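S.K.: Each residue of the sequence shown is one higher than the last, beginning at 23 in our numbering.
Honestly, the hints are just simulated from the structure, not real lab data. Honestly, I wouldn't trust all of these hints.
What the hints assert, rightly or not - What follows is a list of derived Cβ distance ranges for each label pair: (1) Lys46 x Ala78: 15 to 25 Å; (2) Gly122 x Lys58: 24 to 34 Å; (3) Gly122 x Thr151: 32 to 42 Å; (4) Gly67 x Ser135: 17 to 27 Å; (5) Glu165 x Asn113: 15 to 25 Å; (6) Asp121 x Glu61: 26 to 36 Å; (7) Glu116 x Asp143: 17 to 27 Å; (8) Lys64 x Gly152: 30 to 40 Å.
Stated by the list, open to error - Listed below are the simulated EDC-like cross-link pairs for lysine to aspartate or glutamate, each with C-alpha atoms no more than 16 Å apart in a straight line: (9) Lys64 x Asp166; (10) Lys123 x Asp143; (11) Lys139 x Asp166; (12) Lys157 x Glu137; (13) Lys157 x Asp121; (14) Lys58 x Asp84; (15) Lys145 x Asp119; (16) Lys64 x Glu74; (17) Lys57 x Asp121; (18) Lys123 x Asp155; (19) Lys136 x Asp166; (20) Lys157 x Asp119; (21) Lys58 x Glu45; (22) Lys127 x Asp84; (23) Lys139 x Glu128.
No experiment lies behind these values; they were computed from the predicted model shown. For every residue, glycine included, the Cβ atom is placed at its ideal position computed from N, Cα and C.
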Amino acid sequence: MKNIVKMLCAALMMVALGAGAAEKASADEAVAMVKKAAEFLKKNGKEKAFAEFNNAKGQFVDRDLYIFAFLANGDGVEQANGANYRLVGKNVKEMKDADGKFLIKEILALGMSKEGKGWVDYKWPNPGTGNIDSKRTYVERVEDVVIGCGVYR
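When you get a sec, could you build the whole thing from the sequences and use the hints?
M.R.: Okay, structure coming up:
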């Protein structure tokens with residue numbers, strides 16, 4: 023698990039360095055990104071959608087925003103991650119935030135709930151500052167896929 027967190031942090035640092043001191047995205051922009059990804063998924067299917075969500079230079083990566091996706095079966099295997107392709111295909115269900123919170127379990131539980139959408143708050147390394155910061159991720163279930171996008175607060 024430590025290796026997965028290290029890989030994620032390294033990838034996020036590369037994204038931040040490539041973006042320079044780009045402005046932080048807003049919560050509204052994260053929701054809009056998820057909605058855009060949902061429409062793309064519905065129109066193009068999972069295979070094409072996951073490929074585009076994984077494209078670090080594609081339409082689903084913007085500043086500190088990126089789409090990630092899981093199947094809504096609760097298995098915790100990451101299907102897409104625009105910031106760190108090395109996590110794709112890995113079971114990250116046991117991943118914890120800086121306070122020990124099982125953030126993926128919470129993301130999946132929310133996405134698989136009756137409502138199927140909402141916000142998850144946790145602490146995460148911020149590649150722009152190098153600090154552990156509060157992060158808020160919007161999650162929405164689309165058919166049998168849980169899509170998310172987060173912002174630093």
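S.K.: So, for every hint listed, does it hold in this structure?
M.R.: Status of the hints after comparison with the structure:
no.: 1; hint: Lys46 x Ala78: 15 to 25 Å; in the structure: holds (19 Å)
no.: 2; hint: Gly122 x Lys58: 24 to 34 Å; in the structure: holds (33 Å)
no.: 3; hint: Gly122 x Thr151: 32 to 42 Å; in the structure: violated (21 Å)
no.: 4; hint: Gly67 x Ser135: 17 to 27 Å; in the structure: holds (24 Å)
no.: 5; hint: Glu165 x Asn113: 15 to 25 Å; in the structure: holds (21 Å)
no.: 6; hint: Asp121 x Glu61: 26 to 36 Å; in the structure: holds (34 Å)
no.: 7; hint: Glu116 x Asp143: 17 to 27 Å; in the structure: holds (19 Å)
no.: 8; hint: Lys64 x Gly152: 30 to 40 Å; in the structure: holds (38 Å)
no.: 9; hint: Lys64 x Asp166; in the structure: holds (11 Å)
no.: 10; hint: Lys123 x Asp143; in the structure: holds (10 Å)
no.: 11; hint: Lys139 x Asp166; in the structure: holds (13 Å)
no.: 12; hint: Lys157 x Glu137; in the structure: violated (21 Å)
no.: 13; hint: Lys157 x Asp121; in the structure: holds (12 Å)
no.: 14; hint: Lys58 x Asp84; in the structure: holds (13 Å)
no.: 15; hint: Lys145 x Asp119; in the structure: holds (6 Å)
no.: 16; hint: Lys64 x Glu74; in the structure: holds (13 Å)
no.: 17; hint: Lys57 x Asp121; in the structure: violated (29 Å)
no.: 18; hint: Lys123 x Asp155; in the structure: holds (14 Å)
no.: 19; hint: Lys136 x Asp166; in the structure: holds (13 Å)
no.: 20; hint: Lys157 x Asp119; in the structure: holds (10 Å)
no.: 21; hint: Lys58 x Glu45; in the structure: violated (20 Å)
no.: 22; hint: Lys127 x Asp84; in the structure: violated (25 Å)
no.: 23; hint: Lys139 x Glu128; in the structure: holds (12 Å)
Checked against the numbered hints given earlier, this structure breaks hints 3, 12, 17, 21, 22; the rest are met.
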